[in-house]
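Put the complex together from the two separate chains, hints included.
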Amino acid sequence: MTALRRFALVLLLGSAVWAQNPQTVTQPSKSPLVTLRIVFQTGSAFDPAGKEGAAALTAAMLSEGGSLAMPYEQIVRALFPLAASVRRQVDKEMTVFHGSTHADNLDKYYSLLRGMLLDPGWRDEDFRRLKTDLMNHLRVELRGNNDEELGKEALYLRIYEGHPYGHENTGTIAALEKLTLDDLKAFYRQHYTRGNVTIGLAGGYPQGFVDKVTADFSRLPEGGPAKLEPPQPKPARKLRVRIVEKNTRAVAISFGFPLAINRASDDWPALLVAQSYLGQHRSSKSHLYGRLREIRGLNYGDYAYIEYFPRGMYQFQPDPNLVRRQQIFQVWIRPVEPANAMFALRAALYELDKLIREGMRRDEFESTCRFLTKFANLLLQTQDAELGYAIDSKYYSTTEFNRYIRSSLSKLTLDEVNTAIKKHLRATDLDVILVAKDAQGLKKAILSGAPSTVTYVSPKPPEILAEDKVIGRYKLAATVDIVPVDSVFQ
Amino acid sequence: MPKWLLACLLAAALTGCSGSKSESKVFPFPYSLDDLPNGLRLVTVNTGFPNIVGLYIVVQTGSRNEVEPGKSGFAHLFEHMMFRGTEKNPPAQWEAVMQAAGAQTNAYTSDDRTVYHAVFSKEDLDSILALEADRFQNLKYTEDVFKTETRAVLGEYNKNSANPFNKLDEAISETAFTTHTYKHTTMGFLRDVENMPNQYQYSLTFFGRWYRPEHTIVCVVGDVERQAVLGMVQRHWGGWKRGSYKADIPAEPPQTEPKTTRVDWPTSTLPLVAVSFKAPAYDDEIKDSAVLDVASYQAFSDNSDLYRKLVIEEQKVDVLAPDNADHMDPYLFTVTARVKDPKDVDYVQSQVLATFETLREKPVDAAKLEEVKAHLLYEFALGLNSSASIANTLAHFVSLRRTPETINKRYALYRQITPQDVQAAARKYFVPTGRTIATLSHKP
Chain W
1 MTALRRFALV LLLGSAVWAQ NPQTVTQPSK SPLVTLRIVF QTGSAFDPAG
51 KEGAAALTAA MLSEGGSLAM PYEQIVRALF PLAASVRRQV DKEMTVFHGS
101 THADNLDKYY SLLRGMLLDP GWRDEDFRRL KTDLMNHLRV ELRGNNDEEL
151 GKEALYLRIY EGHPYGHENT GTIAALEKLT LDDLKAFYRQ HYTRGNVTIG
201 LAGGYPQGFV DKVTADFSRL PEGGPAKLEP PQPKPARKLR VRIVEKNTRA
251 VAISFGFPLA INRASDDWPA LLVAQSYLGQ HRSSKSHLYG RLREIRGLNY
301 GDYAYIEYFP RGMYQFQPDP NLVRRQQIFQ VWIRPVEPAN AMFALRAALY
351 ELDKLIREGM RRDEFESTCR FLTKFANLLL QTQDAELGYA IDSKYYSTTE
401 FNRYIRSSLS KLTLDEVNTA IKKHLRATDL DVILVAKDAQ GLKKAILSGA
451 PSTVTYVSPK PPEILAEDKV IGRYKLAATV DIVPVDSVFQ
Chain Z
1 MPKWLLACLL AAALTGCSGS KSESKVFPFP YSLDDLPNGL RLVTVNTGFP
51 NIVGLYIVVQ TGSRNEVEPG KSGFAHLFEH MMFRGTEKNP PAQWEAVMQA
101 AGAQTNAYTS DDRTVYHAVF SKEDLDSILA LEADRFQNLK YTEDVFKTET
151 RAVLGEYNKN SANPFNKLDE AISETAFTTH TYKHTTMGFL RDVENMPNQY
201 QYSLTFFGRW YRPEHTIVCV VGDVERQAVL GMVQRHWGGW KRGSYKADIP
251 AEPPQTEPKT TRVDWPTSTL PLVAVSFKAP AYDDEIKDSA VLDVASYQAF
301 SDNSDLYRKL VIEEQKVDVL APDNADHMDP YLFTVTARVK DPKDVDYVQS
351 QVLATFETLR EKPVDAAKLE EVKAHLLYEF ALGLNSSASI ANTLAHFVSL
401 RRTPETINKR YALYRQITPQ DVQAAARKYF VPTGRTIATL SHKP
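Sequence order for the protein chains is W and Z. The first sequence begins at 1 in my numbering and counts up by one. The second sequence begins at 1 in my numbering and counts up by one.
Hints may be right or wrong, so weigh each one.
Pair ranges (Cβ atoms, derived) [unchecked claim]: (1) Z:V319 to W:Q490: 22 to 30 Å; (2) Z:P69 to W:I464: 57 to 65 Å; (3) W:I464 to Z:G238: 33 to 41 Å; (4) W:P206 to Z:D248: 54 to 62 Å; (5) Z:D126 to W:E358: 30 to 38 Å; (6) W:P28 to Z:V431: 49 to 57 Å; (7) W:A260 to Z:V319: 39 to 47 Å; (8) Z:P253 to W:P28: 53 to 61 Å; (9) Z:R235 to W:K30: 18 to 26 Å; (10) Z:V319 to W:L181: 50 to 58 Å; (11) Z:I286 to W:F316: 47 to 55 Å; (12) Z:L230 to W:D363: 30 to 38 Å.
Facing chain W, a subset of chain Z residues (Cβ under 7 Å, in silico) [stated by the list, open to error]: (13) A100; (14) V119; (15) D144; (16) P197; (17) Q199; (18) P266; (19) R308; (20) Q315; (21) V319; (22) S350; (23) Q351; (24) T439.
No lab work stands behind these hints: they were computed from the structure. We put the beta carbon where it would ideally sit given N, CA and C, even for glycine.
Okay, chain Z solo, but in the shape it has when bound (with noise of 0.2 Å):
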């Protein structure tokens, strides 16, 4: 198919490579698995862009690991913690070494993972891997500054909560879930971010489950070479101890009806519908998940049918956003959509139902998939623009499965979906009992 040969082209000229041992994979870059003894895995990857390093240290621990009632928010609030230093650094000294080497350092925690991440030029990456290894084997805080450190997250909790969409979203995980861990946010209930001062010990308790080499997964990509690399990670990571805690994730059991939620705002704004449905796990074997994404572009991006009759045509929408967001565990597949007139709510809302009615009624558009493939493809190689891109996307997918080649995977699953499939798996999620509809509107 000659979008798809241009697309692995288009990849593979990205780095420069021939291309000749991928032209079926999306995934352009060499790369390699190092796994160490202690389980910690090692991805290397070069790009061929110059000079700069993207080190993206993943923990496949996030909001989902949360199990014990009144913990929610946890994984983010040790986000946070990993920042507090070890006696051989404490953060002066960890922010004197990065700072010399001009790095871009940031972390993020979502529902499955925390991600760590440094960006910088290639020559300090061995101090950085002895830096970041150091943190991770040996965090050391006092109470006291646990506590100060529960205030910086309320207070990120603080700057989110402005946000109705943060506030519709925590409705809707909280009304759809009743066991499974996905029912708070990463965030974590309110309620447990202002009791996170009282839970010092559990927050050791949290570290020595999760923070441990087989959980994590080590990306160094850009300008560096694998030997180089595993020696020193092999140097500074290797004493690192294996852990023995294993997750008991509680399973979500059927919805058995369809659900609903209503969210009062207490300023002005607009107001929001977002229609749920109980959507697959992420895979790269089975096609339901992938098959999900390819139905979220064609019947609600703005190249759909519905975009252009509610955002072009009526004007009675200004957001329609559809979201499958891969997940380890059973998600939800969520349009939102932020409805320009208040009294157009049921309207709007009846249109989107509509669309997933007909998601089940009928195939989807042929030529209209093609170009849903082709879309998902160019989006996903344009935005290997960087080292750092590059590596941003790399943690994300190997989070889910350790493995870069899980992206290959994924878009050759993408490339099989035809509009019986699109309709299968319509007809199999897009029902009235895996289904939330949550509202969201200004009442002072």
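Isolated chain W, as found in the complex (with noise of 0.2 Å):
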């Protein structure tokens, strides 16, 4: 990171040197809808220790309970005929609140939204509901009813543990269990703050409304971000499986580390290419993917990240407004048949490891540049969306994301590349997790260290077999734990 990025980065992310008022992103336009994004710098990172779920309970109280004037049954029959809602996104050091509306009911949908962030309700019943919906989304939804969301989670819980991120943005159950509506208002207090908001407006608005919203968050109390300065995790070492147990038909899969990096860093374009050309999201694209589903029919997709991306098993597109001081990378092995799974772990392994030994060949280069720079238009479709990376370009401190994007890559070079691949990748001293129902017989496997082997349905080329035998030897130098599910977020 040159010195320049640096210091913008602390003054963005930082606590000290925030305004005093309600910062602004403004995208006018002729469009009949507005959209908006009020953004406040807090998060899950914010939670006060024993509290973990205060950020995720507060937010959804704003977000899904009544104003100081209405109760929330009477908020959502009025936002009904509008079809238009508030919703809300907590992440590390992000909490967005975000809707759109047409402009003609503009008046109608802001004097909703203004009440619910701005004078909220804090009712009794409103907190009851929402704190039981929460911990059911980490009982029932996460544990329940998604493995791979599940496995992907549990994977952040290991690498930030004892670490500000280092719990599931909704919070522990245990902690949640004891919230009060209290600690919720002195949240609210403490990080609810005019110096620690962003307003966000697209669209059609009319003129005097940025100076209107501008106004009514003002009301705010006076404060700023709060303090944050999260140390770079302990890397694990050797290769730390955790098996979480659970009755489940297959093995859903997820490995990764910490990253130096994040998306302000000078090193963060060449390794989006790295990415790209190894796991790009829910594309047939990926490397992995075509190693291990096209080639060997392992899965349903295999897949790679240098950024949070959560429900990434129900869009094709990144949510905006995920901006985090630190961030992983990470594999995603989709669910294999149990008889596959280790040599399905061994496999991604062996890709990544002679990715980072022999590095991209200039046409996988130069094809992925091509790639990132006409599918970065794709990211911004909308005006939702392109209102999101603006407020995100403007906490990283980086250009227009567009922009950005393409002059990094028309600069970059297949030796930058594969020089940051040697830099921020590894395929040792990382942590897996593994969500299956046979956990010691996982265990006992990976700690035998015995080959692994794959059984087809068809029969495969020689280059394929003799590949095959290699992966099935890859070195797992390992550490292996076994959780319940049900010790997982509690």
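Structural data, given as structure tokens:
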């Protein structure tokens, strides 16, 4: 990171030098739609110790609870004819409330949103309902219904143990159970301040609207971003495998390690190219997808990430406003038949190791850069996405996202990409999460060091069978522990 | 009616067009239909959004078309096979062209259709239309490749199998239908999915039957111009040969008694209750299916009395979801509730049933009905926010009636619905002999 960039990042994500009044990001246009993104620089990393879930439950009380003037039921009924809503997203360091409405309904919509965010009702009945909802999100949705997201979130928990990022954004079940309305009011008072909010507005809003919203949010108490200096997490030693034991058909696999960089860093575009080549999200161009799924039919897909991408099984594009100081590198192997789980893990590690050792070829580099240069356009197709990305660019202190990608990639060289791969990626000293039924069997297989085999339903070419033997013997110097699924997020 | 006028202006304003030709039409974009002599239909829509094009190729084939026993899940498997290349464009070449275009590509299969979609910059349209035309006409794969891909499909079944809602859907379909192919979900029965590696020959038959121009609609949506697109489509798709296979989808006989089914779920979860009634097929001329759409919002959405009671006030339920998904043939109207405490399952079920009964007994509140209509309209219009999302919406409707006009006709039906219509439809469809109740709960 250059000195200038580093300074900028501290300025925007740090604590001391934030403006005293709401910031704005505006994108006026003639669209009949108006989009609002109200971003607070707070999130689960700011949950007080023992109160993990305060950020999530506070945000829930604002977006799905009543305001001072209106019970939640009335808000639902008022929003319904507009087909509008106030949605929320709580991440480690950023909480956003967002929605779109027709310009003609803007006054009605905005007055509801304003009441919800600035004059929350803090009703007991909303508190009870939403607390249960959040606990069920952890217990039922993640533990129960979605092995893949469970594996991904469990990986973050493992990497960030003892770190401000060390609990799921919703909190922990034990802490949520104990949270009180007063805890939430205190969290709100501390973090929902006028120096800690960015107001994003896009579309056909009327003249004077920006000033009106800014004036309204200036009613928030004084204050700026709270202090957060997350330490660099300690890397795993060897291959640190955690098996989440659960009665389930297949084995979901995620592995990764902390990165030293984020989107604001000089090496980020180079690593973006490497990640896109290795595992472009939900794309058949992903190299891992080609080797594991297309050639071997091991599962439904295999991808790689350098930024947090929640809900990836439901969407093709990442959501904006998930700005984090620290990110991890992650590989997502979609559920595998139990008999092939060890082989699939070894195959993904083998491909990652090979990428690090051999680097990308020139043709791979050039085609990936061409892809990303055009693909960036697709990420900004909607007014809402464009606004979200503009806010992120402000936080990371980068230029407008599309320009940032185009200009960075046009200057990037193959050598820089391969250097960044060697510098930032590794196939050892990382964390692995397996969500599996036969935890003991898998543990034994990993610790025995015995080669993994794979069975196919059709003959494979000799070069694949030969490579399978190499993959099957890929060394896993690992430690393994087993945790019952009911202990995750507890 | 001011709300409707406003909505038309909203829709028209999205494209910057005057709206003068389409004041009463909810789909505001000018579109054209061109039929090639081989039966292929081209729908071209200029959205006014710059640079991007959404290419959605709709094959009117889904799990509904899987008529032979043991072949459930084949339409979906075939969606996978379509990515296995041709002699001219093996998968790596297909990938290279899409990659050079920065395209986002994928496909999906439902009960009634299979849709192949790509979103990219307009300058790549010709090369991508050529590439897609090649695979629809000249797909070629070996038995080995076929077998490998069947395992990816099993992987997809596996990843879906962790979700109890999917299992509940399977159980409802299997119980509610005796004869029609809606008896199985799009994924197919697990036993058939596991047997897919042995079905290579049938896969060739399936391709020959259904991947034909007369079952296909090419939607080109975005920064495009009709004549140029038509020229490209004629050039690349004009030589595709029409087929001759006629579908014989078995009709479902009338249900004669209420049905129930129960699913045991092996891991900890909250109980689910689903109440389904046999419902009419999608229609843009006869009101019934549109009326049931309105009823689903009025009685079971988050604006409903039932939601207020069960979710907000009593807090016994955390998910209340109505579903009256558009289908080619008569399907199901389903309300699913997730119950927070197992001891409340019977109570919640009784409340859902009582709500159906209320719909039968008295007309719905007229003012609230107008709110539902406004919601439907704004929901539709707010979703038209990019060329890709417009193309996605279009794919759904053209798979049902082969023209975007069906959208305008459907929304015109919504506009006409009265409280009496809702009551009449409830009396006709929400009857015990059309009912299936499915429950799911944790049982280790």
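Going down the list of hints, with the structure as the test:
1. Z:V319 to W:Q490: 22 to 30 Å: Check passed, 23 Å falls within 22 to 30 Å.
2. Z:P69 to W:I464: 57 to 65 Å: With Cβ atoms ~35 Å apart, the hint is violated.
3. W:I464 to Z:G238: 33 to 41 Å: 39 Å Cβ-Cβ, so the 33 to 41 Å window holds.
4. W:P206 to Z:D248: 54 to 62 Å: holds (59 Å)
5. Z:D126 to W:E358: 30 to 38 Å: holds (36 Å)
6. W:P28 to Z:V431: 49 to 57 Å: The hinted range 49 to 57 Å holds for W:P28 and Z:V431, with Cβ atoms some 54 Å apart.
7. W:A260 to Z:V319: 39 to 47 Å: For Z:V319 against W:A260, whose Cβ atoms are near 41 Å apart, the range 39 to 47 Å holds.
8. Z:P253 to W:P28: 53 to 61 Å: With a Cβ separation near 60 Å, Z:P253 and W:P28 satisfy 53 to 61 Å, so the hint holds.
9. Z:R235 to W:K30: 18 to 26 Å: violated (37 Å)
10. Z:V319 to W:L181: 50 to 58 Å: With a Cβ separation near 25 Å, Z:V319 and W:L181 fall outside 50 to 58 Å, so the hint is violated.
11. Z:I286 to W:F316: 47 to 55 Å: For Z:I286 and W:F316 the Cβ distance comes to about 36 Å; the hint is violated.
12. Z:L230 to W:D363: 30 to 38 Å: holds (35 Å)
13. A100: holds (5 Å)
14. V119: holds (6 Å)
15. D144: With a closest approach of 4 Å, the Z:D144 hint holds.
16. P197: holds (4 Å)
17. Q199: Given a least distance of 12 Å, the restraint on Z:Q199 is violated.
18. P266: holds (5 Å)
19. R308: holds (5 Å)
20. Q315: Holds - the Cβ of Z:Q315 comes within 7 Å of chain W, reaching about 5 Å at its closest.
21. V319: Violated. Min distance 9 Å.
22. S350: Interface hint status for Z:S350: violated (21 Å vs cutoff 7 Å).
23. Q351: Since chain W brings no Cβ nearer than about 17 Å to Z:Q351, farther than 7 Å, the hint is violated.
24. T439: violated (16 Å)
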